[in-house]
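The residues making up each chain are set out below.
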Amino acid sequence: MTLATATQPTEARDKAGVSHSGSRRSGPDTAFHLLVAASALLVLVVLGGLVVLMGVGGSQAFRTFGLGFAFRNVWNPVADQYGAWAPLFGTIVSTLIGVIIALPLAFGTAFWLTAMAPPRIAAIVGTAVQLLAAVPSIIFGMWGFFTIVPFMARTVQPFLTHHFKHVPGIRFIIHGAPFGTGLMTAGLVLAVMIAPFMTAVMRDVFAAMPNMLRESAYGLGATRWDVMWKVVVPWSRSGMIGAIVLGMGRALGETMAVTFVIGNVTAVGWSLFAPRSTVASLIALQFPESPAGSLRLSSLLALGFILMLLSFASLALARMLRGDTK
Amino acid sequence: MSETTVSTNGWKPNPRAARRRSADHLATAFGMVMAGILVLVLASILWTLLSRGLAGLSAAAIMKPMGPPGSSSGLANAIVGSLIQTFLALLMATPLGLGCGIYLSEYGAKTNRFASCVRFVSDVLMSVPSILVGLFVYQVMVAPFGHFSALAGSVALAILAVPIIVRTTEDMLRLVPTSMREAGAALGATRWRVTLSLCLRSAKTGVLTGILLALARVSGETAPLLFTSLGNQNWSFSLNRPMASLPVTIYQYAGASYEDWVQLAWAGALLVTMGVLAINIAVRVSARRG
Numbered sequence: 000m001t002l003a004t005a006t007q008p009t010e011a012r013d014k015a016g017v018s019h020s021g022s023r024r025s026g027p028d029t030a031f032h033l034l035v036a037a038s039a040l041l042v043l044v045v046l047g048g049l050v051v052l053m054g055v056g057g058s059q060a061f062r063t064f065g066l067g068f069a070f071r072n073v074w075n076p077v078a079d080q081y082g083a084w085a086p087l088f089g090t091i092v093s094t095l096i097g098v099i100i101a102l103p104l105a106f107g108t109a110f111w112l113t114a115m116a117p118p119r120i121a122a123i124v125g126t127a128v129q130l131l132a133a134v135p136s137i138i139f140g141m142w143g144f145f146t147i148v149p150f151m152a153r154t155v156q157p158f159l160t161h162h163f164k165h166v167p168g169i170r171f172i173i174h175g176a177p178f179g180t181g182l183m184t185a186g187l188v189l190a191v192m193i194a195p196f197m198t199a200v201m202r203d204v205f206a207a208m209p210n211m212l213r214e215s216a217y218g219l220g221a222t223r224w225d226v227m228w229k230v231v232v233p234w235s236r237s238g239m240i241g242a243i244v245l246g247m248g249r250a251l252g253e254t255m256a257v258t259f260v261i262g263n264v265t266a267v268g269w270s271l272f273a274p275r276s277t278v279a280s281l282i283a284l285q286f287p288e289s290p291a292g293s294l295r296l297s298s299l300l301a302l303g304f305i306l307m308l309l310s311f312a313s314l315a316l317a318r319m320l321r322g323d324t325k
Numbered sequence: 000m001s002e003t004t005v006s007t008n009g010w011k012p013n014p015r016a017a018r019r020r021s022a023d024h025l026a027t028a029f030g031m032v033m034a035g036i037l038v039l040v041l042a043s044i045l046w047t048l049l050s051r052g053l054a055g056l057s058a059a060a061i062m063k064p065m066g067p068p069g070s071s072s073g074l075a076n077a078i079v080g081s082l083i084q085t086f087l088a089l090l091m092a093t094p095l096g097l098g099c100g101i102y103l104s105e106y107g108a109k110t111n112r113f114a115s116c117v118r119f120v121s122d123v124l125m126s127v128p129s130i131l132v133g134l135f136v137y138q139v140m141v142a143p144f145g146h147f148s149a150l151a152g153s154v155a156l157a158i159l160a161v162p163i164i165v166r167t168t169e170d171m172l173r174l175v176p177t178s179m180r181e182a183g184a185a186l187g188a189t190r191w192r193v194t195l196s197l198c199l200r201s202a203k204t205g206v207l208t209g210i211l212l213a214l215a216r217v218s219g220e221t222a223p224l225l226f227t228s229l230g231n232q233n234w235s236f237s238l239n240r241p242m243a244s245l246p247v248t249i250y251q252y253a254g255a256s257y258e259d260w261v262q263l264a265w266a267g268a269l270l271v272t273m274g275v276l277a278i279n280i281a282v283r284v285s286a287r288r289g
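Protein sequences, first through last, are from chains B and X.
Going by numbering that gives the first Met the number 0, the first residue of the first sequence is number 0, and it counts up by one from there.
Going by numbering that gives the first Met the number 0, the first residue of the second sequence is number 0, and it counts up by one from there.
FYI, nobody ran anything at the bench for these hints, they're computed from the structure.
Beta carbons: idealized from backbone N, C-alpha and C, even for Gly.
Don't take every hint at face value.
Computed footprint of chain X on chain B; a stretch qualifies when at least three of its residues, placed anywhere within it, have a C-beta under 8 Å from a C-beta of chain X [to be verified]:
hint : stretch
1    : 186 to 198
2    : 205 to 217
Residues of chain B placed beyond 12 Å of chain X at every Cβ, according to the derived structure [what the hints assert, rightly or not]:
hint : residue
3    : V35
4    : V50
5    : R62
6    : A114
7    : R119
8    : S280
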């Protein structure tokens, strides 16, 4: 929300050097300082604990299967053989599908909201989109389960199989029985879930551009699209990338919206319409039935560790692309 | 006027201008279609939620506890469980988040390595997948004690709420003008007095907004509760035992094959969404007024 705006006064104050002149510290002052520093330390400890415990818990799996655990294509609780490749594949592909679908939706809507819509309607739709970004993810999961899954199973998949069954290349992507669950369905639900969020961020970024630039471009005879593509987009590139990567981060770790619609089969394949699983959905489903101390539990924790690294990497990427070195 | 007639005399259709205009038309259509699709899809979600949720919503759904399929059961214990756990989570997260936010804004200058580290970690925590928080709390608070507990669920929710409170508290305190702090110091107030009675008080609305947003975020979370408070079919007010919560109940009931459970799941989903939206709308209205 105020992430972008609040950094400016910081710099001004840091230059003035006012807030951190700790020269007059009495007893209560020191105590207060210690108290707030301790709460800051606690936040640090929590994340540290999260990373360490996930790594320690998963160490048994990493020791048994080696670092190749991440690329082993097997998840067989009966034979006690585990590998992260199938759920990782599901997570990455469903996230990519989600972002690819959500990006034009979010960009187009933000474009419409900032450049075309009548102000009153833009205000209403903009607020509605922002509010919907706050809807809990389980709602999107339920909606996907009861609306998208039957639609895919009864309409989309039979249609695709009927018309593209013999087209080389596409044949492999649409292969599979019409269950309705799978990577495509998960991607769609993820797209619907992250699109309002990305739209809200993009709209803020577009609206933050000084009007002077816009007016100058119009004054030179630019069309609406010229202004958008040659002035607004370059000006707000870093903010847009931030929005995309943040949306990606949400999709990566999403559990509830995906668990309902992914089908939960640990397999890897070309078909986008066959049931698969993701890291988060596999953890949610198999963790309760994994006995403490078992290799299976350790493998799930190792999966969690890898997911943590992925989400960490996406955040680092967002910061790097934004050129934000704070 | 005469100038324009002169210039239009030698006017020829410019292919580049025509191309730009058609690109503009295309982009306009694209923007409108995309906005239309997004609005329609979101409206369809709300419509599904309302129509199916209202059908399942009744006095019994709110007043009666959960029960086996076929008996006229409700969601009362899940609603109360959710309220208890979220409230407890907020009770833990608010002092911690406020303390950390105050530290970052009042003592954490840009040159302070520890503060930048905490700031970064808090951002990381904000984007950590919520199911991993559930796993973490399971290892710390469930596995060692050998049983699931409502307290563990609240801690998991609190971990998700803290970074939001930290972020808004820091941002809002930084918006307080330096002159205000100087004025306080000039009057002889100690630093903690200045921080608490001047800065925090003038940033009150913003800080409260952060807490409310954290509440909204946390009250719909399901994944961190799956392995911590687990869920419970019966009434339970003990923090030391598994406790039902609305999102987990929705998750369990929505996938069930009993028609009345599915209806209850929709009713629960409607309740959760309305709660979350009401908090967000309240935040917006108060922000506009403030």
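For each hint, the structure was consulted:
no. : hint       : in the structure
1   : 186 to 198 : holds (count 4)
2   : 205 to 217 : violated (count 0)
3   : V35        : violated, 4 Å
4   : V50        : violated, 9 Å
5   : R62        : holds, 18 Å
6   : A114       : violated, 7 Å
7   : R119       : holds, 15 Å
8   : S280       : violated, 9 Å
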